[in-house]
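Protein sequences, first through last, are from chains R and S. Under the numbering used here, think of the first position of the first sequence as 1, with each following residue one higher. Under the numbering used here, think of the first position of the second sequence as 1001, with each following residue one higher.
A couple of the hints might just be wrong.
Unchecked claim - Cross-link-like lysine-lysine pairs, in silico, DSS-like; alpha carbons within 30 Å at most:
#: 1; chain 1: R; residue 1: LYS326; chain 2: S; residue 2: LYS1029
#: 2; chain 1: S; residue 1: LYS1473; chain 2: R; residue 2: LYS339
#: 3; chain 1: R; residue 1: LYS48; chain 2: R; residue 2: LYS220
#: 4; chain 1: R; residue 1: LYS326; chain 2: S; residue 2: LYS1086
#: 5; chain 1: S; residue 1: LYS1326; chain 2: R; residue 2: LYS48
#: 6; chain 1: R; residue 1: LYS339; chain 2: S; residue 2: LYS1339
#: 7; chain 1: S; residue 1: LYS1048; chain 2: S; residue 2: LYS1352
#: 8; chain 1: S; residue 1: LYS1473; chain 2: S; residue 2: LYS1454
#: 9; chain 1: S; residue 1: LYS1418; chain 2: S; residue 2: LYS1220
#: 10; chain 1: S; residue 1: LYS1443; chain 2: S; residue 2: LYS1110
#: 11; chain 1: S; residue 1: LYS1029; chain 2: R; residue 2: LYS302
As the list claims (entries may be wrong) - Some, not all, of what chain S presents toward chain R, calculated at C-beta under 7 Å:
#: 12; residue: GLY1178
#: 13; residue: LEU1179
#: 14; residue: VAL1180
In short, the hints are calculated from the structure, not lab data. Ideal Cβ positions, reconstructed from N, Cα and C, are used throughout, including at glycine.
Protein chains: 2
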Amino acid sequence: MIPNWILQRSTLTPEQVAVSFEGQSWTYKEINDLALRYASKLEALGIKAHDRVAIFATSTPQIIFMICGCMHLQCEMVLLNLRLSKTELAYQIQDSEAVAILVEDELLNKLPETASPIHSFSKVSDVSAIAFTPTDEWDENDTMTIMYTSGTTGFPKGVRQTVGNHVSSATSSLYNTGLVEDDTWLCTVPLFHISGFSMLCKCLLHGVRLELLKKFDVEKVVDFLVDGTVTRMSVVAFTLERILTELEHRDVYVSDKFQTMLAGGGPVPIDYLKRAIKRHIQISQTYGMTETSSQTATLSSKDALRKIGSAGKPLFFNQIRIENAKAPFEQGEILIRGKHVTPGYVGRFSDKPSQQDGWLHSGDIGYFDDEGYLFVVDRRSDLIISGGENIYPAEIENVLTSHPSVREVGVCGVEDDKWGQVPNAFVVLNNNVEVNELLVYCKEHLAGYKVPNKIYIVDELPRNGSNKLLRRKLKELI
Amino acid sequence: MIPNWILQRSTLTPEQVAVSFEGQSWTYKEINDLALRYASKLEALGIKAHDRVAIFATSTPQIIFMICGCMHLQCEMVLLNLRLSKTELAYQIQDSEAVAILVEDELLNKLPETASPIHSFSKVSDVSAIAFTPTDEWDENDTMTIMYTSGTTGFPKGVRQTVGNHVSSATSSLYNTGLVEDDTWLCTVPLFHISGFSMLCKCLLHGVRLELLKKFDVEKVVDFLVDGTVTRMSVVAFTLERILTELEHRDVYVSDKFQTMLAGGGPVPIDYLKRAIKRHIQISQTYGMTETSSQTATLSSKDALRKIGSAGKPLFFNQIRIENAKAPFEQGEILIRGKHVTPGYVGRFSDKPSQQDGWLHSGDIGYFDDEGYLFVVDRRSDLIISGGENIYPAEIENVLTSHPSVREVGVCGVEDDKWGQVPNAFVVLNNNVEVNELLVYCKEHLAGYKVPNKIYIVDELPRNGSNKLLRRKLKELI
């Protein structure tokens, strides 16, 4: 059992600022008071303790109040990605069997029709509060959040993250990065992603401030970095590059109050690291995934240049090993163990074990060097990472295959200057169809970032002896 | 399951200094190598994994190597207090059923004869190492340490502290005090006490340095505080006062690298706090006990003057409540809950539950004020704290009662300029005996600090209606 975070923070550090947004701030006591009111209103709407609810909202304080209200009710929160198509949203809502959908008013028209009742934020707000008493403690094994990651089968899997998973992740992170007085995390990543949600958890647990931006805005970010408003933030290579360019353009440096920038979503180019050092930024490269409730390995800034391309070492309460590797540099699947690892999935995949003998099989290929530094070779076998978003080829293949004129499809990632990678599709046709019609079809069924950048019509797809599609050979067809 | 601390630290931060002592230092890799060798030698001496062993040694690196060797072997360590008499040592060794006693060579003649084989440190060192492979993980429920606290019955109780207890304590402490680069704990308190052992745990877990002193030496301590060698330390009012006097005498200030001084063992006088502020020392008053594996509540330095006499608020993963209290300022027994609370005792008290409905009954009386700050009124009902050592009156009463000329005994603490408190005894005689003979008798059976400062011969002892001794009325007899 673990003390109810929101209550505990409100008891221990009531006057400490918890959240800031566009110049307005809320203390831990205010967050708790708001969360209690929201919990009460949700209960008045028929949502019971431990119910599973979906949340669909942008990064404003409203979603934080709603999340904290759901925490008080110990609800399982299905956090819906804002970039999903209606078809994808419908799948996740139905698969998770959410009893209700809490949605920001402006996003009401983006929701598909499902059996789950929809409560807009203003509707929740307008309900009269009823008597509500939160529980003092939470069970570590209770599911707190559910986030869908695209599975290799093409059907997204609803990954459960428990109270204990989030606590272990935040604690491991603290053992790794330390904690200084007046620490403040700058959040420019979505709260529905594990990157953003884990930042919120760290703030609630460590009692520090979250400076929230509705979206990544390079000018505001650089203002905060330079004037010392924030001490930590998370970036991907793409956003780091924009920050560096802005700092260079203004010819300014980050404040000496600034501690660390965590860089995830793949290795950071050496050129960026050198430019970052010149601007007084310490970069810690990280490796993690939804199934590990955020970071599982981190390269300290001290080693950043010496170990280019490495994801560093496991966090303290983690163990990482390479399957079947007997010596340094031997490659194999990356296996992960620790209290931050998901216990499993919901819905269609609820019977699928997330671990084998206590180890999560990441699907990623990597190795350790002779000093124990982890290198991730392939970020999952065929995963495409586009602007920080994970895209699994099979999901796009499933959509295109469902078009009547298409017989076979293969999708792979192609390097792109702006997004890192973009998906390209290769189709074998049943009968004549315009490429443009296929693109329109994709746009109807997929989030914009998953729509193939190019669709090539080919005679056949590369396959191995067992007729398994060889995605890595697709690029040779271009 | 939790990663083996020693292995994990050696993997993650091999070159970081773990321990310094009299100008010499050992890195985490060196500590691990030594600990593996010691574990192997202990195994060669017939000590098996999970065996219970007693350790009797002063605060030098040797005891740390031995402790870390025992950790690799997952032994349960009975940490023997250096100030115990042979009778007391024999009781603890027999009660705990230790399979062996590991003793510093210089202390061999202090040990009583018991059935447990004795291995001096040099004997362990001289044994040839055999092949030894440590386990990667430790079970959180495994007992790591056993420390005896004098019980109210007069029979010391062997308190178990598990791997999970120590991790929870170190983690809660980190959430409370933060962690800065190059943090260093100065340890001047015994490692066999929870105050010292928990400091060692924090260093091993957080990967920071322990600067070890064999005993409290005010000149060395002040040197370290002034030159920035250490960033944190633990004090009691008595040692704090000596540090302040030395700083004032030299007219110097502590380095701005210094973070926090944790002050335990009872409230710190306001005058000391004001003097500390003048010397740039931040004091965090704490409340804790062997059963809570160290701190359970802490008053932040910000509140030090505003909340004089308070033990502050619970640490993050703790809960504290006052039994039957319905409003602020209502007094009652202090109840404590959390993963840092002992699961129970060994030996004679192994059947005695340490908790009721999941709450530890501290035996201490306290209250919360209207802002949620804890005030400890009586540090346990009749506990005497002398120079930082806990003395339970019943233990001394048991010894004196066993003298043939003594009929009844009552013991209480009396204020003392040097030690804070010293025990005084009040005896009702059966037949004539010199006070001096009684004092000699006490010295034979009790650690020096437990021997009564004065023994008064009286006609009768104050008792209540049920004939229960009223210890707090004893002082009126002086």
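Here is how each hint holds up against the structure:
For the hint linking LYS326/R to LYS1029/S, the alpha-carbon distance of about 21 Å falls within 30 Å, and the restraint holds. In summary, the hint linking LYS1473/S to LYS339/R is not supported, as the alpha carbons are separated by about 53 Å, beyond the 30 Å threshold. Note on LYS48/R and LYS220/R: the hinted pairing is violated, with a Cα-Cα distance of about 40 Å set against a maximum of 30 Å. Using a Cα cut-off of 30 Å, the hinted pair LYS326/R and LYS1086/S is violated, with the two alpha carbons roughly 52 Å apart.
Among the hinted pairs, LYS1326/S with LYS48/R is consistent with the structure: their alpha-carbon atoms are about 28 Å apart, no more than 30 Å. Of the pairs offered as hints, the one joining LYS339/R and LYS1339/S holds, with about 15 Å between alpha carbons and a cut-off of 30 Å not exceeded. The hinted pair formed by LYS1048/S and LYS1352/S meets the criterion: a straight-line CA distance of about 27 Å does not exceed 30 Å. Annotation: proposed proximity of LYS1473/S to LYS1454/S holds, straight-line Cα distance about 16 Å (limit 30 Å).
With a C-alpha separation of about 21 Å, the suggested pair LYS1418/S and LYS1220/S falls inside the 30 Å cut-off, and the hint holds. For a cut-off of 30 Å, the pair hint linking LYS1443/S to LYS1110/S stands: about 14 Å separates their Cα positions. Annotation: proposed proximity of LYS1029/S to LYS302/R holds, straight-line Cα distance about 19 Å (limit 30 Å). Here the hint on GLY1178/S is kept, as its CB sits about 4 Å from the closest CB of chain R, short of 7 Å.
Given the 7 Å rule on beta carbons, the hint for LEU1179/S holds: about 4 Å separates it from the nearest Cβ of chain R. Satisfaction of the interface hint for VAL1180/S is found here, the shortest Cβ-Cβ separation to chain R being roughly 6 Å, below the 7 Å cut-off.
This entry does not satisfy hints 2, 3 and 4, going by the numbered hints stated previously.
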